Amino acid sequence: MSKPKSTLINMVLVLLAITAVSGFSLGYINEWTKGPKEATRLARKLAAIKSVLPEITNNPAEELILLPTGPDQDSLECYVGKKDGATVGYAVSTYTKKGFSGLIRIMVGFTAEGNIVNTVVLEHKETPGLGTKMKESKYKTQYHDKNPATFDIKVTKDGGEIDAITGATITSRAFSEAVQLAYDALVENKVLSQN
Amino acid sequence: MTQWKNFVKGIVSENPVFVMLLGMCPVLGVTSTAMNGLGMGVATMFVLVMSNIVVSSIKTLVPDKVRIPTFIVIIATFVTIVEMVLEAFLPSLYEQLGIFIPLIVVNCLILGRAEAFASKNNLVSSVVDGLGMGVGFTLALTALGAVREMLGNGSIFDIAFVPEGASTFILFILPPGAFITLAFLAALFNRMTRAAQN
Numbered sequence: 001m002s003k004p005k006s007t008l009i010n011m012v013l014v015l016l017a018i019t020a021v022s023g024f025s026l027g028y029i030n031e032w033t034k035g036p037k038e039a040t041r042l043a044r045k046l047a048a049i050k051s052v053l054p055e056i057t058n059n060p061a062e063e064l065i066l067l068p069t070g071p072d073q074d075s076l077e078c079y080v081g082k083k084d085g086a087t088v089g090y091a092v093s094t095y096t097k098k099g100f101s102g103l104i105r106i107m108v109g110f111t112a113e114g115n116i117v118n119t120v121v122l123e124h125k126e127t128p129g130l131g132t133k134m135k136e137s138k139y140k141t142q143y144h145d146k147n148p149a150t151f152d153i154k155v156t157k158d159g160g161e162i163d164a165i166t167g168a169t170i171t172s173r174a175f176s177e178a179v180q181l182a183y184d185a186l187v188e189n190k191v192l193s194q195n
Numbered sequence: 001m002t003q004w005k006n007f008v009k010g011i012v013s014e015n016p017v018f019v020m021l022l023g024m025c026p027v028l029g030v031t032s033t034a035m036n037g038l039g040m041g042v043a044t045m046f047v048l049v050m051s052n053i054v055v056s057s058i059k060t061l062v063p064d065k066v067r068i069p070t071f072i073v074i075i076a077t078f079v080t081i082v083e084m085v086l087e088a089f090l091p092s093l094y095e096q097l098g099i100f101i102p103l104i105v106v107n108c109l110i111l112g113r114a115e116a117f118a119s120k121n122n123l124v125s126s127v128v129d130g131l132g133m134g135v136g137f138t139l140a141l142t143a144l145g146a147v148r149e150m151l152g153n154g155s156i157f158d159i160a161f162v163p164e165g166a167s168t169f170i171l172f173i174l175p176p177g178a179f180i181t182l183a184f185l186a187a188l189f190n191r192m193t194r195a196a197q198n
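From first to last, the protein sequence lines stand for chains E and R.
Mapping of the first sequence onto our numbering: position 162 corresponds to residue 162, and the numbering continues sequentially without gaps.
Mapping of the second sequence onto our numbering: position 46 corresponds to residue 46, and the numbering continues sequentially without gaps.
These aren't lab readings, by the way, just hints derived from the structure by calculation.
Please read these numbers as outputs of a predicted model, since none were measured by experiment.
Here a beta-carbon is modelled for each residue, glycine too, at the ideal position from N, C-alpha and C.
Heads up, some of the hints might be wrong.
Lysine to any residue pairs mimicking SDA-like chemistry, simulated, CA-CA at most 25 angstroms apart [unchecked claim]:
id	chain 1	residue 1	chain 2	residue 2
1	R	K120	E	I9
2	E	K5	R	R67
3	E	K133	E	A112
Here are some chain R residues the structure puts well away from chain E; computed CB gaps all over 10 angstroms [claimed, not checked]:
id	residue
4	M20
5	L28
6	L38
7	G112
8	I180
Computed far set for chain R versus chain E, every beta-carbon distance over 12 angstroms [what the hints assert, rightly or not]:
id	residue
9	S13
10	V106
11	F117
12	V127
13	F184
14	L188
15	T193
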């Protein structure tokens, strides 16, 4: 069988056919993977909340409050963690755009008094081997059990008390800024003082 | 040409990275660790084999003047499928490779094999060509990632072999290190293949 000639009608028909097949198959696979994809995203979020607030017994997804904050009044998602009905902490999904490669999203857990419990990086594009060390315990335990009201969580180069990751000061600075944003959002919206 | 020779050429005499210097964007961009190199290589190999299969099976139906747009649509479709399926069913791998997967579309290695090989050869040869090129690409990326990770981070496949806090050549994880390592590895590879031929 020889190739069809490159006439206008042949070219249009072939391109139409190939894009139609491609479009339909992508649509089908999108439908098919939609459920599992959403389940995966939710499971990751819940796992992140669970690891920043290990004590809680409720389903935090049911206790979502929005905290408008920052220069552009973006709302941060805040999940209220309860143990046996009493509020024990807050998991705030915060972000910064000042990472070495842009956006970093972090889940930060606070106790009801505002002490940082733990942090989990949800999304980032930092340099592997450098900026990614923000996920390692050597770096992030510096924040644990600290209250941003009494402990300056800026990096030492900016006059704070956090030792920046070697070779990744920009990432460390951005990380601190995101954590601070989460804390400020809790304070501004008077979440902490309610209890 | 036997199928075995067809397979081996992608790894040695026509290695896409060290000999043909194709698909340099992912080669330089994602090889900061051995694991990243391996993951990118395997994902690329999958798309390469699938697109070779389709291109080879429809080669008699596509008019010459629209063959490139047709190949691109086929490649982009497979890349999108890979991305959706990974995100849904292998979330941990997706997390590692997430940002690299869309880059596969613009990898000229895949378009190059569709144009130079699959559109002129039968189905079986095209599959073997895709596998050979894919393995060659994966090996090259893993080697590059391993060298950069060892020198830059003091570890291999995330297993550290220097004490924590030891100073390493951070340069090798950063973009300039990719160019330097690629040049040395390509020179070494060509030296070795030439020595083997003589």
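_Run through the hints listed earlier and report the numbers of any the structure violates, in increasing order._
3
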